[in-house]
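**Q** Sequence:
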Amino acid sequence: MNKSFGRNLIFLIIFFITTTSAATISAEMAPEWLSRKYSETVSEEWMNVKFGGRKIGFSFSKTEKGKDGYLLTSRAVIRLEIMGQKQDLSFSRSFHLDSKKRPLGFISIMKMGTQRQQTFGVINDNILKLAITGVAGTVNTTQKLKKGIKFLDTLGFVLADRLAEGTRLTIPVYLVELRTSDFVKLEVKEKKTMEIDGNRVEVFVVDIMVQGFVSRAYVTREGVTLREEQTLLGMVSERTTEKDALSFAASGAVPVSSLITFSLIKPDRPVPNPTLLKELIITMGGVKRAESLPVDYRQTTDKPFWEKDAGGKRKLLIPMTIRKSTPAGGVEISYVSNKEKEHLKATPEIQSDNRLIKREAKKIIGGEKEAWKAAIKINRWVYSNVEKELVDSFTAIDVLHSKKGECQSHSNLFAAFARSVGIPTKIASGIVYSEVNQGFFYHAWPEVYVGQWVAMDPTLGQDVADVTHIKLSEGGVESQLKLIKFIGKISVSVDSYK
Numbered sequence: 033m034n035k036s037f038g039r040n041l042i043f044l045i046i047f048f049i050t051t052t053s054a055a056t057i058s059a060e061m062a063p064e065w066l067s068r069k070y071s072e073t074v075s076e077e078w079m080n081v082k083f084g085g086r087k088i089g090f091s092f093s094k095t096e097k098g099k100d101g102y103l104l105t106s107r108a109v110i111r112l113e114i115m116g117q118k119q120d121l122s123f124s125r126s127f128h129l130d131s132k133k134r135p136l137g138f139i140s141i142m143k144m145g146t147q148r149q150q151t152f153g154v155i156n157d158n159i160l161k162l163a164i165t166g167v168a169g170t171v172n173t174t175q176k177l178k179k180g181i182k183f184l185d186t187l188g189f190v191l192a193d194r195l196a197e198g199t200r201l202t203i204p205v206y207l208v209e210l211r212t213s214d215f216v217k218l219e220v221k222e223k224k225t226m227e228i229d230g231n232r233v234e235v236f237v238v239d240i241m242v243q244g245f246v247s248r249a250y251v252t253r254e255g256v257t258l259r260e261e262q263t264l265l266g267m268v269s270e271r272t273t274e275k276d277a278l279s280f281a282a283s284g285a286v287p288v289s290s291l292i293t294f295s296l297i298k299p300d301r302p303v304p305n306p307t308l309l310k311e312l313i314i315t316m317g318g319v320k321r322a323e324s325l326p327v328d329y330r331q332t333t334d335k336p337f338w339e340k341d342a343g344g345k346r347k348l349l350i351p352m353t354i355r356k357s358t359p360a361g362g363v364e365i366s367y368v369s370n371k372e373k374e375h376l377k378a379t380p381e382i383q384s385d386n387r388l389i390k391r392e393a394k395k396i397i398g399g400e401k402e403a404w405k406a407a408i409k410i411n412r413w414v415y416s417n418v419e420k421e422l423v424d425s426f427t428a429i430d431v432l433h434s435k436k437g438e439c440q441s442h443s444n445l446f447a448a449f450a451r452s453v454g455i456p457t458k459i460a461s462g463i464v465y466s467e468v469n470q471g472f473f474y475h476a477w478p479e480v481y482v483g484q485w486v487a488m489d490p491t492l493g494q495d496v497a498d499v500t501h502i503k504l505s506e507g508g509v510e511s512q513l514k515l516i517k518f519i520g521k522i523s524v525s526v527d528s529y530k
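All residue numbers in the sequence shown are consecutive under the working numbering, ending with 530.
Just so you know, the hints here were simulated from the structure itself, not pulled from any lab data. Warning: the hint list may mix true and false statements.
Unchecked claim - Computed cross-link-like contacts, DSS-like style, restricted to lysine-lysine with a CA-CA straight-line distance of at most 30 Å:
id, residue 1, residue 2
1, K94, K161
2, K82, K161
3, K224, K82
4, K221, K347
5, K94, K275
6, K401, K373
7, K179, K221
8, K118, K335
9, K94, K224
10, K335, K310
11, K179, K514
12, K298, K356
13, K409, K435
14, K345, K514
15, K217, K409
16, K133, K118
17, K514, K347
18, K310, K132
19, K420, K394
Claimed, not checked - Label-pair distances were calculated between CB atoms; the ranges are:
id, residue 1, residue 2, range
20, E506, D229, 55 to 61 Å
21, K377, S525, 34 to 40 Å
22, D157, G266, 40 to 46 Å
A quick note: this is a predicted structure, and the numbers were derived from the prediction, not measured. Where a beta carbon is used, it is the ideal one built from N, C-alpha and C, also for glycine.
I would like the entire structure built from these sequences, with the hints used as guidance.
**A** Quick look at the structure:
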């Protein structure tokens with residue numbers, strides 16, 4: 033039985049947004065519960081994952097019970113097709129709960145090709161200690177958790193006895209791969225009958241919502257998930273046998289290009305020659321609150337207004353202006369390195385304190401003292417030396433070794449180089465216009481502080497990012513959760529440009 037209707041939701045979120053050396057756990061950090069034995073198998077379930085009606089992967093979950101608590105393990109695999117080659121993206125997780133089903137800690141491993149990242153977490157008195165291990169070693173960090181927090185992946189098991197028609201719950205949860213907390217809204221919509229293996233089974237229809245991203249699960253009274261749907265992304269998980277789950281047809285892979293096309297946002301008219309423009313004025317729809325859109329040195333919003341669509345439904349529209357911002361230059365690295373210090377810190381994905389990163393960055397900028405000129409050198413090096421591939425690497429070190437990746441890879445490596453030489457850098461996430469496809473794609477790019485903030489784009493080779501770079505969030509891996517509220521919902525109307 034699969035008591036885990038939250039597991040596939042977080043898997044779909046991470047898969048859509050994210051599209052080595054062996055990791056170990058130090059003796060000092062290893063808690064007692066890590067070596068516990070579990071004698072009873074409570075549930076075990078296999079599911080197929082489909083996109084557009086075609087199988088592209090599988091998921092597995094198992095719940096075990098011991099004298100002092102529970103162990104919930106899960107694995108999910110998606111098979112991608114990149115330039116004709118098949119590559120697996122996999123997630124493996126182990127969650128440890130006490131006898132009252134309260135979270136104790138977890139181990140999570142993400143693998144893609146030869147890349148591997150492990151996150152180990154230990155919870156004590158609402159304090160979470162994390163050890164994130166990848167090719168460059170281990171980074172330790174600490175987070176304070178909300179009181180009564182649950183793992184999103186274990187919600188089905190923890191809440192099975194609270195399912196009833198009409199039930200509505202708002203629960204604080206921790207999303208392991210994004211290393212952040214949020215609230216999940218859970219609503220039992222109705223009770224209905226489904227046919228499973230020739231038998232009529234009564235199920236609850238449960239909607240699970242994170243940041244407006246809704247997944248629908250069909251769950252038995254015992255908490256067994258028979259099916260899970262994410263219609264916005266065209267993804268479905270449904271129960272199957274182990275043999276069927278592990279078998280892939282020759283065509284059983286999702287072309288990454290299909291996912292990119294799926295996410296395309298078509299404006300009402302094209303934007304010609306975006307790199308030559310100084311200003312773009314658009315109207316964005318599909319956003320619930322104007323405050324959700326970042327406002328900064330290059331991007332502003334005007335007064336929102338309401339309008340009825342063709343079906344008579346009111347929708348909020350937000351005018352936005354994006355201007356190209358080119359710095360005057362002349363500000364030295366020694367000056368900017370004492371400003372915006374938060375954006376000079378190393379992170380698990382941006383290892384600016386790594387000796388290989390530092391050494392390469394110094395070679396790239398040479399003896400350059402001026403911050404803007406040094407940033408341009410870094411931007412052009414990343415653009416010229418990192419091959420464009422449709423799947424991203426986990427960290428800057430991974431990119432430095434492989435010299436391959438997409439926008440997140442280019443941005444992480446750029447940020448690591450720039451921070452390592454003293455240039456404050458942050459990562460922006462949003463959308464950018466493609467002339468070839470005549471639409472906006474989801475994208476990431478760095479912003480540097482060189483006396484003023486400037487958006488750059490090492491993926492597209494733009495020293496100053498063009499005006500079609502529309503920022504929706506900024507920050508580390510945890511900030512990507514904010515993108516969920518925009519995916520599949522926003523629209524763009526082009527008002528004017530010059």
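**Q** Determine for every hint whether it applies to the structure shown.
**A** Hints and how they fare:
In summary, the hint linking K94 to K161 is supported, as the alpha carbons are separated by about 25 Å, within the 30 Å threshold. At roughly 35 Å between alpha-carbon atoms, K82 and K161 are farther apart than 30 Å, so this suggested pair is violated. Taking the CA atoms of K224 and K82, the gap is near 23 Å; set against the 30 Å cutoff, the hint holds. Only pairs whose Cα atoms come within 30 Å are accepted, and K221 paired with K347 is accepted, the gap being roughly 25 Å.
Under the criterion of a C-alpha separation no larger than 30 Å, the hint pairing K94 with K275 is consistent with the structure, at around 16 Å. The hinted pair formed by K401 and K373 meets the criterion: a straight-line CA distance of about 18 Å does not exceed 30 Å. Among the hinted pairs, K179 with K221 is consistent with the structure: their alpha-carbon atoms are about 27 Å apart, no more than 30 Å. The suggested pairing of K118 with K335 is violated, with an alpha-carbon distance near 47 Å, which exceeds 30 Å.
A threshold of 30 Å between alpha carbons decides the hint, and for K94 with K224 the separation of about 26 Å falls inside it, so the pair holds. Distance restraint check for K335 and K310: the Cα-Cα separation of roughly 22 Å lies within the 30 Å cut-off, and the hinted pair is therefore satisfied. Only pairs whose Cα atoms come within 30 Å are accepted, and K179 paired with K514 is accepted, the gap being roughly 22 Å. A C-alpha spacing of about 22 Å is found between K298 and K356, which places the hinted pair at or below 30 Å, so the restraint holds.
Of the pairs offered as hints, the one joining K409 and K435 holds, with about 17 Å between alpha carbons and a cut-off of 30 Å not exceeded. For the suggested pair K345 and K514, the alpha carbons sit about 25 Å apart, so the restraint of at most 30 Å is met. The suggested pairing of K217 with K409 is violated, with an alpha-carbon distance near 47 Å, which exceeds 30 Å. For a cut-off of 30 Å, the pair hint linking K133 to K118 is broken: about 39 Å separates their Cα positions.
A C-alpha spacing of about 20 Å is found between K514 and K347, which places the hinted pair at or below 30 Å, so the restraint holds. Taking the CA atoms of K310 and K132, the gap is about 59 Å. The hint is violated against a cut of 30 Å. Between the alpha carbons of K420 and K394 the distance comes to roughly 24 Å, so the proposed pair stays at or under 30 Å and holds. For the hinted restraint 55 to 61 Å between E506 and D229, the CB-CB distance of approximately 48 Å leaves it violated.
Distance hint check for K377 and S525: the Cβ-Cβ separation is about 39 Å, which falls inside the suggested range of 34 to 40 Å. Hint check: D157 to G266, Cβ distance near 42 Å, so the stated range 40 to 46 Å holds.
Of the numbered hints listed earlier, those contradicted by the structure are 2, 8, 15, 16, 18, 20.
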